[in-house]
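The sequence shown runs 541 to 1333 under the numbering used here.
Incorrect hints may have been included.
Claimed, not checked - Okay, derived cross-link-like pairs now, DSS-like style, lysine-lysine, Cα gap no bigger than 30 Å in a straight line:
| no. | residue 1 | residue 2 |
| --- | --- | --- |
| 1 | Lys1120 | Lys1142 |
| 2 | Lys1304 | Lys599 |
| 3 | Lys1126 | Lys1170 |
| 4 | Lys731 | Lys811 |
| 5 | Lys1304 | Lys702 |
| 6 | Lys769 | Lys811 |
| 7 | Lys786 | Lys852 |
| 8 | Lys725 | Lys811 |
| 9 | Lys1217 | Lys655 |
| 10 | Lys1170 | Lys946 |
| 11 | Lys1110 | Lys1170 |
| 12 | Lys946 | Lys597 |
| 13 | Lys655 | Lys731 |
| 14 | Lys1154 | Lys1170 |
| 15 | Lys597 | Lys873 |
| 16 | Lys873 | Lys946 |
| 17 | Lys873 | Lys826 |
| 18 | Lys1142 | Lys1217 |
| 19 | Lys655 | Lys599 |
| 20 | Lys1170 | Lys1120 |
| 21 | Lys855 | Lys786 |
| 22 | Lys826 | Lys725 |
| 23 | Lys769 | Lys725 |
| 24 | Lys826 | Lys852 |
| 25 | Lys1135 | Lys769 |
| 26 | Lys1135 | Lys1217 |
| 27 | Lys811 | Lys873 |
| 28 | Lys946 | Lys1217 |
To be verified - Label pairs and their computed distance ranges (CB to CB):
| no. | residue 1 | residue 2 | range |
| --- | --- | --- | --- |
| 29 | Gln1219 | Glu1100 | 49 to 55 Å |
| 30 | Glu594 | Asn1153 | 25 to 31 Å |
| 31 | Phe1307 | Val598 | 18 to 24 Å |
| 32 | Asn1268 | Tyr1007 | 24 to 30 Å |
| 33 | Pro603 | Phe857 | 46 to 52 Å |
| 34 | Glu756 | Asp823 | 22 to 28 Å |
| 35 | Leu1229 | Ser728 | 56 to 62 Å |
Read the hints as simulated data drawn from the structure, not as lab findings.
Glycine included, every Cβ here is placed at the ideal spot set by N, Cα and C.
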Amino acid sequence: MIGEKGEIDRANRWRCLALFLLLTSLIFLAVIIYMATEIQKDNKTPEHDRPYPEHGKVKLGEPSEPSVFHDLTTAEIRGLVSYLTQEESLNITRPPSNTINTNYRYLAELYLPNKAAVLEHLDRGGQQPAREAIVTIFRGAKNPPDAIERLVGPLPNPTYIKEVPGRPSSVPFILRPINMPEYDKAASFAKQEIDTKLRDHIRAFYGAALTDCGSECLILTYFSSMSPKVSGEQTRKFWFWLSRDKENYLLNNLDFSVLVNTANSDFALEKVWFRGSTYDGIDDFKSRVFLNSTQTSWPDPNHDTSFSMAEKRGKPFWDEPLRNPAQVEPDGKRYNVNYNQVTYMRWQFDFRMSSAYGPQVYDIRYDGQRIIYEIGLQEMCVFYSANNPAQMFADFFDSSDLIGPKASPLVPGVDCPSHATFIDASFLTETSDEPFTTRNVFCVFELNTGDPHRRHFNYEPLTQTSYEGMESILLVFRTILTVMNYDYIIDFRFFQNSALEVRVVSTGFISTSYYRPEETPYGYRLNDYIVGSLHHHLIHFKVDLDVLGTSNRFATLDIEPESVDNTWSKINGEKYHQTKFSQNVKPDEMSAAYKYDFNSPKYLTFYNNASTNKYGVHRSYRVLPRGMTKSLLAEGFGNEPSASWSRYQMAVTRRKETEPFSSSQYAALDTTDPVVKFQDFLDDNESILDEDLVAWLTVGMHHIPHTEDLPVTPTPGMDVGFLLLPFNYFSEDAGVASRNAIRIEPHDRKNSGAGLKVERYGVKQDFSCRSTDNSFWDDIARDSTILFESDDT
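Given these sequences and hints, build the entire structure.
Structural data, given as structure tokens:
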């Protein structure tokens, strides 16, 4: 009995000990949970600072603490405007009271900080550089008047204003871009002069009028500049074109234009161009054309203008309406958007829309490693040719008209897939002290190109029978800029293997000259009344590459012919011809100014000299231009000096904070000694060995309009751009890590009846074929200003 009692006591003691340990553990666990809850309460992380999930997180709007690359926020803009208004030395006139003779703010946007300070912040945890704005002010009230650019900061509560490094302290007033007060006054002046003095004659010519015109109206809206170098005078002159007020009005240009001088407060109409002849003003025109003429009617009826309208016509492709194929996101979005930053698989980049220059992309990384610090549009030019002065002098520099605000709202299902993420952009220009916002300026989406990223079919019985392929799936970051008549689709395309493509596609409607036989060397006759004017598109980009750091070299791999002795030939002395390549490291900027020569093909590569792979080969990135173009304008003449970057298909320079852009808003008129003269970037011929390098790329095309450009130029064949490709950068194609591939091979190569093994790496194949709903169509039904400006803006 005693033994049994001892066993019971020991069992009870063990039970008590186990119960004690359990209670102790529960109490300890409760304490831990309580402490963790309290810590979480005390250290609650803001939503936008939490680590993102792998994919599918979209955060739009404005952050309370913008990143270094984020555009100006509403709070920053309001602080900036308040500071400028209160700065007595500026004597700022607030809109809408802006006139040519007042001081007013023309433009304000983000100023990118010093790169060294940005990298210290991004890579080493240093303090974020102060956010600043670059502000352009036209000082029409000053004597003499001028234009200035100044830095204002720190935002959102500025305390200082200072000059911009690398820019002149002051720019002559006549070189400023044409702005709203000047344009409105010039167009109204010309319209009044013509309507007052020539109304009956214009109606006789064209069966229409500028005012009180009913359904047959004329407009005087488009203009081309005569820069001081072209006119030979230090003044401001613009040719205003007369067109029929119809859709795509430049397809309805008429043979009448006027030259307006706006240099003085009293504008002057200096010239009239009409049907191949130039007249010294309206009085000279009237006396020479009418007073001494017996002609009473003019052969220009109200011709049919329906050809210029982009509406469906012709026999449909199917008798019943059939829907297009559509892409879907069966597993949701596979990317994240955090305000102005996008992450996708191994990619990460920031973006903004510069008011002056358009889309800019920054800090582009793959697998955490920065490859590119900056890719940015610099300038878009169109140079026309014609026999008439309105088209002849139509050399358009789009930065002079502010590229960013020309970004148009993107329409889901056409401009971008319906399932894309759409992002707005805001701008501060001369029309208001409040920022205006354009909806759907950017879109982000994945694209299945329908092509294989790679594929190979092996058919060697018993040993090599297999198939392996991978769909080409990439991320597209897109905007579309509508600059007057042309629309430019600009894509940044991110491939899974770390390749990046920048692609520009032009569409929109062409500009025309009124048909006369003298115009045919400059274009085809497209209609009874018009000739499509020959023109040259030139587009310039900045690419600041950081290949494994900021110490880079630029080298070409020159492919050359060689002749070797063919010792295997039965013919004595026979030669065999093949090609070889050699590396040519460019030591300085002038040697790196690249003009393409078909006789000397080459690869264009950038690398860090201290970084090689295990075979001693430099890990590089290759620049592959697509759509290289050559400017045929005589160097140094006319408007060419403002586009001196167009002399080269690519140039490489040592990066300087004082050379942030290759063009400027003054380019259209500033042609004698440009404020930004790209050729100067090269002429100092600095060393580019082991330096922070920038590649400047020119792409474009000559466009001879043809009948199929009516009513709107289609996109096939209108794309140009360039690619940035890994070149010995990885040990193999980085895309092999993707799950979106397929491999097929026999279970047993010796037994054809054993079936096939299909490897899809865990990716499901079944999904519902339905795209994500998009609220765009409901939104515009409620508010049309989302897509079109209201009449009172």
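Hinted pair Lys769 and Lys811, Cα distance within 30 Å: Within the cut-off at roughly 18 Å; holds.
Is the straight-line distance between the alpha-carbon of Lys946 and that of Lys597 30 Å or less? Holds - the C-alpha atoms of Lys597 and Lys946 are around 29 Å apart, at most 30 Å.
With respect to the beta-carbon atoms only, verify the hint that Pro603 and Phe857 lie 46 to 52 Å apart. Holds, at about 47 Å.
Is Lys1304 close enough to Lys702, meaning Cα to Cα at most 30 Å? Distance ~59 Å between Lys1304 and Lys702 Cα, so the pair is violated.
With a cut-off of 30 Å on the C-alpha distance, tell me whether Lys1217 and Lys655 pass. 22 Å, holds
Compare the distance between the alpha carbons of Lys826 and Lys852 with 30 Å, and conclude whether the hinted pair is satisfied. The given pair, whose Cα atoms are some 43 Å apart, is violated under the 30 Å limit.
For the range 49 to 55 Å, tell me whether the beta carbons of Gln1219 and Glu1100 fit it or not. 30 Å, violated
So the hint says 24 to 30 Å: do the beta-carbon atoms of Asn1268 and Tyr1007 match that? The hint (24 to 30 Å, Cβ to Cβ) holds, given that Asn1268 and Tyr1007 are roughly 28 Å apart.
Are Lys855 and Lys786 close enough, with their CA atoms no more than 30 Å apart? Roughly 24 Å between the alpha carbons, so the hint for Lys855 and Lys786 holds.
Run the distance test for Lys1304 versus Lys599: straight-line Cα separation, threshold 30 Å. 28 Å, holds
Assess, step by step, whether the Cα of Lys769 is no farther than 30 Å from the Cα of Lys725, and give holds or violated. Status holds; Cα separation ~24 Å.
Decide if the proposed pair is consistent with the structure: Lys1135 and Lys1217, CA atoms, cutoff 30 Å inclusive. 19 Å, holds
When held up to the earlier numbered hints, the structure conflicts with 5, 11, 13, 14, 17, 24, 27, 29 and fits the remainder.
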